[in-house]
Amino acid sequence: MPEEPTSSASSSNFHLARHQTHLKWDNSLPPIQTITSGSEITFDLLDGGNNQFDATATTASLGTFDFSIADPAHGPIHISGASPGDVLKIEILSLETASYGWTAIFPGSVGFGLLADEFPDACLKLWDLETHRTEGFTEFKKGIHIPTRPFLGVVGVAREQKGEWSTIPPYETGGNIDCRDASTVGSVLYLPVKVEGALLSIGDGHAAQGDGEVCGTAIETPMKGRMRISVIKGMEMPYVDTPSFITAPKGKMERNGMKEGEGREFTVLGIDADLREASRKAIRGVIAWLVSEKGLLREEAYMLCSVAAGLRIAEAVDMPHYAVSCCLPLGIFVDEN
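Position 36 of the sequence shown, counting from 1, maps to 36 under the numbering used here, and the rest follow consecutively.
To be clear, the hints were calculated from the coordinates, so they are not data collected in a lab.
Any given hint could turn out to be false.
Computed spacing ranges between beta-carbons, pair by pair [as the list claims (entries may be wrong)]:
id : residue 1 : residue 2 : range
1  : THR34     : GLU139    : 30 to 36 Å
2  : GLY186    : GLY295    : 25 to 31 Å
3  : LEU23     : GLY111    : 16 to 22 Å
4  : GLU160    : GLY210    : 42 to 48 Å
Below, a list of computed lysine-lysine pairs in the DSSO-like style, where the Cα atoms sit at most 27 Å apart [unchecked claim]:
id : residue 1 : residue 2
5  : LYS141    : LYS125
6  : LYS24     : LYS162
7  : LYS125    : LYS142
8  : LYS125    : LYS162
9  : LYS125    : LYS233
10 : LYS24     : LYS294
11 : LYS233    : LYS294
12 : LYS250    : LYS224
13 : LYS162    : LYS250
Quantities reported herein were computed from a predicted structural model and do not represent experimental measurements.
Every residue, glycine too, gets a C-beta built ideally from N, C-alpha and C.
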């Protein structure tokens with residue numbers, strides 16, 4: 001089973017700044033820094049709109065939004081010793097939002113959002129992320145509090161294929177996966193390495209988001225934070241061929257005599273232009289993990305997924321790809337320490 005977050009000292013610290021961005025995945029991009037496995041990096045990121053809005057923006061500001069510079073990725077970072085077939089382990093150690101955030105419905109003519117054809121008018125909401133920061137929520141309007149749970153929408157490595165690839169859709173190598181459980185504090189994300197050095201990039205801070213991000217935006221916000229990056233040789237985790245992660249603890253609970261692994265889940269993201277095929281990929285990934293890590297037969301693993309795992313639409317608007325998560329609670333394994 002993949003290990004829990006470690007507390008070992010970093011071997012090569014590095015700070016990733018706001019200006020160190022790119023707008024395409026491209027394995028020919030020169031890395032901005034080379035670090036060693038086990039290093040910690042700190043970062044100061046633009047929001048997913050490339051900071052085109054600030055705390056004074058209005059709905060009229062949507063008319064000048066430039067989609068060609070949206071979803072900037074900060075990096076890439078070369079990790080020494082990472083080779084094709086290996087796995088990159090990313091531990092999210094801390095995240096801090098800006099004092100404000102925004103959520104937008106872009107004009108229906110843009111075609112962005114699951115119901116874009118039904119919402120033709122632009123709308124922008126600004127969020128106060130400071131007043132109730134210590135209480136862990138932000139106010140939507142009087143009587144409606146939204147719990148804040150910061151995460152990174154973009155975490156990815158370079159694709160194997162040459163050329164430029166948009167940063168808007170997610171891929172099997174990660175990228176704009178926009179999955180709220182994959183890259184929040186306490187989670188451990190695993191990405192398959194496709195090129196030498198992996199070439200990791202991150203971005204797109206969110207203060208909160210529902211599964212699917214249905215209107216096309218979450219609570220978008222600039223983000224500061226810290227993560228640890230390690231290389232796992234491919235033979236140790238051969239089943240990772242798409243983003244996979246262990247969720248952050250959600251509090252130790254007892255139910256029906258089973259410890260719930262502090263609420264943690266092992267999750268695989270299936271990514272595909274077809275929603276059903278994305279679901280199939282996610283299930284296959286968890287089956288492969290159960291066979292490799294738990295010693296189950298494939299038939300046993302398939303049945304276990306049917307009775308214990310959950311499918312969720314993690315991302316439904318970053319076309320042409322959907323991201324579907326298959327989540328298996330670790331608490332069902334009661335004989336483990």
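- Take the C-alpha atoms of LYS24 and LYS294, compute the straight-line distance between them, and say whether it is at most 27 Å. The given pair, whose Cα atoms are some 38 Å apart, is violated under the 27 Å limit.
- Message: Hinted pair, alpha-carbon criterion (27 Å max): LYS233, LYS294. Please report holds or violated.
- Response: Cα-Cα ~19 Å, so holds.
- LYS141 and LYS125: Cα distance at most 27 Å? With Cα atoms ~10 Å apart, LYS141 and LYS125 stay inside 27 Å; holds.
- Message: Hint check: LYS24 vs LYS162, CA-CA at most 27 Å. Holds or violated?
- Response: Holds, at roughly 12 Å.
- Pair hint outcome, LYS162 versus LYS250 [Cα-Cα no greater than 27 Å]: Violated - the C-alpha atoms of LYS250 and LYS162 are around 40 Å apart, more than 27 Å.
- Task: Could you say whether the range 16 to 22 Å given as a hint is met by the Cβ separation of LEU23 and GLY111?
- Result: holds (20 Å)
- Keeping to a limit of 27 Å between CA atoms, is the pair of LYS125 and LYS233 held or broken? Since the Cα atoms of LYS125 and LYS233 sit roughly 45 Å apart, the hinted pair is violated (cutoff 27 Å).
- Task: Given the range 30 to 36 Å, decide if the beta-carbon distance of THR34 to GLU139 lies inside it.
- Result: violated (44 Å)
- Proposed proximity, LYS224 with LYS250 (alpha carbon, max 27 Å): Holds. LYS250 to LYS224 sits at ~23 Å (cutoff 27 Å).
- Query: Is the straight-line distance between the alpha-carbon of LYS125 and that of LYS162 27 Å or less?
  - Reply: It is violated: about 39 Å lies between the C-alpha atoms, which goes past 27 Å.
- Task: May I ask you to test the hint 25 to 31 Å on the CB atoms belonging to GLY186 and GLY295?
- Result: holds (27 Å)
- Query: Has the hinted range 42 to 48 Å been met by the Cβ atoms of GLU160 and GLY210?
  - Reply: The hint (42 to 48 Å, Cβ to Cβ) is violated, given that GLU160 and GLY210 are roughly 32 Å apart.
In summary, the structure is inconsistent with hints 1, 4, 8, 9, 10 and 13 from the numbered list given earlier, while agreeing with the others.
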